[in-house]
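S.K.: Given next are the chains, with one letter for each unit.
Protein chains: 2
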Amino acid sequence: MTDAFIDSQTVREYLLGLQERIVATFERLDGQPFLRDAWEKPADSVLGGGGLTRIIEDGNLLERGGVGFSHVLGSTLPPSATAQRPELAGRGFEAMGVSLVLHPRNPHVPTVHMNVRFFIAKGEAQPDVYWFGGGMDLTPYYATEEDARHFHATCKRALAPFGADKHPRFKKWCDEYFFLKHRNEPRGLGGVFFDDFHELGFEQSFAMMRAVGDAFLDAYVPIVERRRATPYTEAERRFQAYRRGRYVEFNLVLDRGTLFGLQSGGRTESILMSLPPKVEWRYDWHPAAGTPEARLYDEFLKPRDWA
Amino acid sequence: MTDAFIDSQTVREYLLGLQERIVATFERLDGQPFLRDAWEKPADSVLGGGGLTRIIEDGNLLERGGVGFSHVLGSTLPPSATAQRPELAGRGFEAMGVSLVLHPRNPHVPTVHMNVRFFIAKGEAQPDVYWFGGGMDLTPYYATEEDARHFHATCKRALAPFGADKHPRFKKWCDEYFFLKHRNEPRGLGGVFFDDFHELGFEQSFAMMRAVGDAFLDAYVPIVERRRATPYTEAERRFQAYRRGRYVEFNLVLDRGTLFGLQSGGRTESILMSLPPKVEWRYDWHPAAGTPEARLYDEFLKPRDWA
Chain A
1220 MTDAFIDSQT VREYLLGLQE RIVATFERLD GQPFLRDAWE KPADSVLGGG
1270 GLTRIIEDGN LLERGGVGFS HVLGSTLPPS ATAQRPELAG RGFEAMGVSL
1320 VLHPRNPHVP TVHMNVRFFI AKGEAQPDVY WFGGGMDLTP YYATEEDARH
1370 FHATCKRALA PFGADKHPRF KKWCDEYFFL KHRNEPRGLG GVFFDDFHEL
1420 GFEQSFAMMR AVGDAFLDAY VPIVERRRAT PYTEAERRFQ AYRRGRYVEF
1470 NLVLDRGTLF GLQSGGRTES ILMSLPPKVE WRYDWHPAAG TPEARLYDEF
1520 LKPRDWA
Chain B
1220 MTDAFIDSQT VREYLLGLQE RIVATFERLD GQPFLRDAWE KPADSVLGGG
1270 GLTRIIEDGN LLERGGVGFS HVLGSTLPPS ATAQRPELAG RGFEAMGVSL
1320 VLHPRNPHVP TVHMNVRFFI AKGEAQPDVY WFGGGMDLTP YYATEEDARH
1370 FHATCKRALA PFGADKHPRF KKWCDEYFFL KHRNEPRGLG GVFFDDFHEL
1420 GFEQSFAMMR AVGDAFLDAY VPIVERRRAT PYTEAERRFQ AYRRGRYVEF
1470 NLVLDRGTLF GLQSGGRTES ILMSLPPKVE WRYDWHPAAG TPEARLYDEF
1520 LKPRDWA
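Sequences listed follow chains A and B, in order. Counting in the working numbering, the first sequence runs from 1220 upward without gaps. Counting in the working numbering, the second sequence runs from 1220 upward without gaps.
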């Protein structure tokens, strides 16, 4: 999409404010502060720009959680960013976004991911092309219908002002995107996902991205508050560690954002702060029938209409 | 390379015998048996064939270790197998190999990887094309010069009969291959690596692959025997868990064998048995100067002429 008016400064300000609101909320919920790590790409790099990484490790609520802002400029759009629009490959670009993954310690509190982003592919002879992307998805270990319904309903409500087609499209896109082909298994319960979005023009597409970013705390915090005091066992921690292995597999083998970051010479520690703190792999493990662990696979790790 | 005589049955028998010798040795060293898991691809799959997975978990010596044999047929060579020879992409193929990764419990015993493999790209109008590949490499947590020299010298000795150029070429290839670009860091101490190898003709190329496979126990077992009784602390176990994260990153983001397996619809559990049992990620962690952990980075995680 080309547009007379692309206001990337306003997008940047929104993203920085969103990061601050989210971090402040989780510092309050956790009781421990997030580390603040500002970084810049070296001046001689192909890529300019920088970011602000906020991270907590060994917190009370969060065993590991990162909320990153980044704003980078590059000379050549890498293949992971143009899979669906090969005609843009090789253009200069500007990319900014907020991306978070929170890994709670208590296995009854789901892991969550949220990302909102804005891309500009620089024209030389042609005009600039921009698009928005974003979404959020929930990955529980011991799931409940109540949490699944609440998370999806909040996403649906956030998208409603932008057309009745948006939530079904982005819910389906999320189910398709967060799917581990090599396991024939979804990563979690899904949520919403969109990319290459510009069809409403700059103002309304930006508003839709904001609606998703702003809905995150409403979608996730009530679940945290409901589940954080649930007692848990060492066996439940081991199931959590095992399931976190799927998260690692998804992010390192399949995730477009991770591959974009690593391919474009991004800052590795900031990209990989999405990985869980403690993970286990076990050979060909399956939960015994009738257990709460089996229930996750049987009832929740299937695309369902939760909203 | 095309050849009048490609004896894939003899290669298969060698590989199965090698797997048996290695497993028998580690069952003796560990005191616990390896599980035996034979698998077949379903008949309606694009891919035929099967394999034999031998795996140990929670052993005395090995916290997790897998020695896999596989022999698969496919209708279309995936891109990961033909990166260097795009003219073969899309051909039918036959691939067989033995691949192992052993993750000892004691952080003073290095992790090791070895793989030997044989490929045939099926001709239709043209003759079949074959090649061998293989290698082994060592990934210590608390390294010693003695072990590094022994491992590399054993690889060098094994390759000597096949020409003086082979060891330097394959040592360098290994250093280049097992390198984490996104960390600017080698995976470990290296060893040898070769691929697309046919330049000595079928008989001698096969003999060279056997020499590498046969050298594995000589290269690794003396290191195990020297280090397995070294006392270790919980802090050393945590460093091991942290460094194992690099192993996961390499195998899931970069390893050609892993990507080939996942892309060609291979058996996921058998491919991912290379992943370590317990892993940790920590944000932007660096060892304090002067510690044994810093010594690993300063003295060992650099390509050096160890042999």
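Be aware that a few hints might be false.
[Unchecked claim] Calculated lysine-lysine pairs in the DSSO-like style (CA-CA distance at most 27 Å, straight line): (1) B:K1400 <-> A:K1260; (2) A:K1400 <-> A:K1497; (3) B:K1521 <-> B:K1400; (4) A:K1497 <-> B:K1497; (5) B:K1260 <-> A:K1521; (6) A:K1521 <-> A:K1391; (7) B:K1400 <-> A:K1400; (8) A:K1400 <-> B:K1391; (9) B:K1375 <-> B:K1521.
Derived from the structure by calculation, the hints contain no laboratory data.
S.K.: Run every hint past the structure and note whether it holds.
M.R.: Hints versus structure:
Taking the CA atoms of K1400 (chain B) and K1260 (chain A), the gap is near 16 Å; set against the 27 Å cutoff, the hint holds. Proposed proximity of K1400 (chain A) and K1497 (chain A) is supported: the alpha carbons are some 24 Å apart, at most 27 Å. A C-alpha spacing of about 13 Å is found between K1521 (chain B) and K1400 (chain B), which places the hinted pair at or below 27 Å, so the restraint holds. For a cut-off of 27 Å, the pair hint linking K1497 (chain A) to K1497 (chain B) stands: about 7 Å separates their Cα positions.
About 25 Å separates the Cα atoms of K1260 (chain B) and K1521 (chain A), which keeps this hinted pair within 27 Å; it holds. Annotation: proposed proximity of K1521 (chain A) to K1391 (chain A) holds, straight-line Cα distance about 12 Å (limit 27 Å). Distance hint between K1400 (chain B) and K1400 (chain A) is fulfilled; the C-alpha atoms sit about 26 Å from each other, no more than 27 Å. About 35 Å separates the Cα atoms of K1400 (chain A) and K1391 (chain B), which puts this hinted pair outside 27 Å; it is violated.
At most 27 Å may separate the alpha-carbon atoms for a hinted pair to count; K1375 (chain B) and K1521 (chain B) meet this at roughly 19 Å.
Checked against the numbered hints above, the structure breaks only hint 8 and satisfies the rest.
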